[in-house]
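Engineer: Listed below are the residues making up each chain.
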Amino acid sequence: MATEVIWWLFALGIIALSAGVVFSRSVIHSAIFLIGSLAGVGVMFVILTVEFLALTQFLIYGGAVTVLVLLALMLTRADPSGRAEKVNGPQAPFALLAGIGVAAVLLVAALSTEWAGNTESPTNIAIEAISQRLFEDFGLPFILASVLLLVALVGAIIVARQEEGE
Amino acid sequence: MLFADPLFGLPTWIDAIIRIVIVVLVMTVFVIYSTYGERKLVARFQQRLGPMRTGPWGLWQGFADAIKLVGKEDIRPKNADRWVFELAPYATFIPVLLTLMVLPFAENWGVRNLALGVFFVFAVLGLNIVGILMAGLGSGNKYALLGAVRAAAQMISYEIPLVVSLLCVVMITGADTGNGVGTLNLNTIAALQEDRPYILLQPLAFLIFFTAMLSELHRAPFDIPVAESEIVGGYFVEYSGIRWSMFQLTEYASMWGFAVFGSVVFLGGWAWPFGVDSHWALQLATTFTKALAIVIVIIWIRTTVPRLRIDQLMNFSWKVLLELSFLQLIVNGIILYYDWPQEILALTSAVGAGFLIFLIIRHASARSTKGLLGTYRTLGASSS
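Keeping their order, the protein sequence lines are chains W and B.
When we follow the numbering used here, the leftmost residue of the first sequence carries the number -10, and every step to the right adds one.
When we follow the numbering used here, the leftmost residue of the second sequence carries the number 4, and every step to the right adds one.
Warning: the hint list may mix true and false statements.
To be verified - Every beta carbon over 10 Å from chain W, so not counted as near; a handful from chain B, in silico:
hint : residue
1    : 22
2    : 31
3    : 84
4    : 87
5    : 104
6    : 128
7    : 148
8    : 235
9    : 306
10   : 314
Stated by the list, open to error - So the derived list for chain W, only partly shown, Cβ under 10 Å to chain B, looks like this:
hint : residue
11   : 43
12   : 59
13   : 129
14   : 139
In case anyone wonders, no lab produced these hints; they're calculated from the structure.
Each residue gets a CB set at the ideal place from its N, CA and C atoms; glycine is no exception.
All chains should be modelled from the sequences, with the hints used to inform the complete structure.
Structural biologist: Rendered as structure tokens:
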């Protein structure tokens, strides 16, 4: 019961923060709301007792992605004070269309899928089982994915280098 | 997730609150006395006496400072972004507090015993940067912004060697647990070091961890984000009073957290040298002594080594520490795969550590022709 109340409280919080991302007047505020919203999703994972997923959520989305966003904002913006500015361009209607489309696809997928597992009493999967699957059963796809990321990293450095040299 | 049965058979959430209060109180006492201890030690290194007036040998100086800071006016610049500015100190403090929640101070004693302890520390450390970026963006000050950019660049760069050096230790635990699977549980990692601390097996990983830790803590010689002679005070230049002291609290609390974490992972935590069966008070004293030793070395380094330049800092992370940490990881993998004895592990790592020290000494003693000074020299030579 108590867990359910906390769950709904966090769900409301995530929705409020996500609304903040969309409706806030300054891009920096949007980015900070985004951090809160993603961290809230991480807390949802904690409530579901999938610790590994929760920590990965914090590590990747809370730590890495949003820091990247904030850093990009910092380096590209002349005015550091984060005052209100115009964020809506002529692309706004298309963005709305894309947003509604993604939301519809996600909703249909979520509602029509037969989910494995039980949300009433979720099972905690040991980290050993996850690493077994990741590094032994699916070792080759894992390595291929990391090679892909490495190639992207090297490519990004080369692209950035050429601009610097000219 | 729980360490042991709750204290006095209380409900688990009350037990958690009691444990959190104890850990936070210990942290606060440490913070107050580490500011005093740092001033005292730095003074001694510089042939001064340090604080002497407040109480015997100045022992109440930390409390006096804390009261003064709380009484100061809380100023907010006019063009600051109000909520970002005001929430930033708390946003920096939360990750540090979360880190303290998983550290085992004695056998089975901490707030929570997570199976993913080391991974939890990585995940939470990443959030550390958010508060600093908020302070830099929200202050409406170019120096604060510069400090935050420097801090973010530095912390992102040094996080990689830090994490990889800790992964090396996690690999080693696989040979000790018996079933060949390593552990991420900090309590178990400490218990596995009953006979020898992992610093003997992994001196290179420890050196990398220690260097990266100095950088994550913004301590000299990596205090570029808070360099007072270059950017006045870094990301917290606009803060005063209680909010400024939150930043100071965060700095010293994370020093405490890192010191305990390092002593648990590398120096044997509560288990070495008295064994896992020793009395809990002895275990607690062991952990605290090791953590304090790390803190004293950090302060010692601050008074010894001059501040690096930002390009030297980045080069050191990306061109030296990253490669050496990956090398350590690969060598560990080969040795563990073929089940070679642990002496080989210690030997290879010691060779690597010697190589790292050689690199640093050679670089420090070389008459440099690179970098800003080198460019200046070459330009001067060609024009004259």
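Engineer: Could you run down the list of hints and mark each one as holding or not?
Structural biologist: Consistency of the hints with the structure:
Residue placement check: residue 22 of chain B keeps its beta carbon more than 10 Å from all beta carbons of chain W (closest about 18 Å). For residue 31 of chain B, the requirement that its beta carbon stay farther than 10 Å from each beta carbon of chain W is met, with the minimum near 25 Å. The claim that residue 84 of chain B lies off the interface is violated: its Cβ sits roughly 4 Å from the closest Cβ of chain W, which falls inside the 10 Å cut-off. At the 10 Å boundary, the C-beta of residue 87 of chain B falls inside the reach of chain W, the nearest C-beta of that chain being 6 Å off.
Every CB of chain W lies more than 10 Å from the CB of residue 104 of chain B, the least distance being 13 Å, so the non-interface label holds. Distance check for residue 128 of chain B against chain W: the nearest CB is about 8 Å away, which does not clear 10 Å, and the non-interface claim fails. Chain W draws residue 148 of chain B into its interface by the beta-carbon criterion, the shortest separation being 4 Å against a cut-off of 10 Å. Consistency note on residue 235 of chain B: stated as away from chain W, and its beta-carbon is indeed over 10 Å from all of that chain's, at 15 Å minimum.
For residue 306 of chain B, the condition that its CB be more than 10 Å from all CB atoms of chain W holds, with the nearest at approximately 32 Å. Residue 314 of chain B, annotated as away from the interface, keeps every beta carbon of chain W farther than 10 Å; the closest lies near 14 Å. With a cut of 10 Å, the hint placing residue 43 of chain W at the interface with chain B holds, because the nearest CB-to-CB distance is about 8 Å. Because the beta carbon of residue 59 of chain W sits about 5 Å from the nearest beta carbon in chain B, less than 10 Å, this interface hint is met.
This hint is violated: residue 129 of chain W has a C-beta 18 Å from the nearest C-beta of chain B, more than the 10 Å allowed. With a least beta-carbon distance of about 12 Å to chain B, the hint placing residue 139 of chain W at the interface is violated under the 10 Å criterion.
The earlier numbered hints that this structure contradicts are 3, 4, 6, 7, 13, 14.
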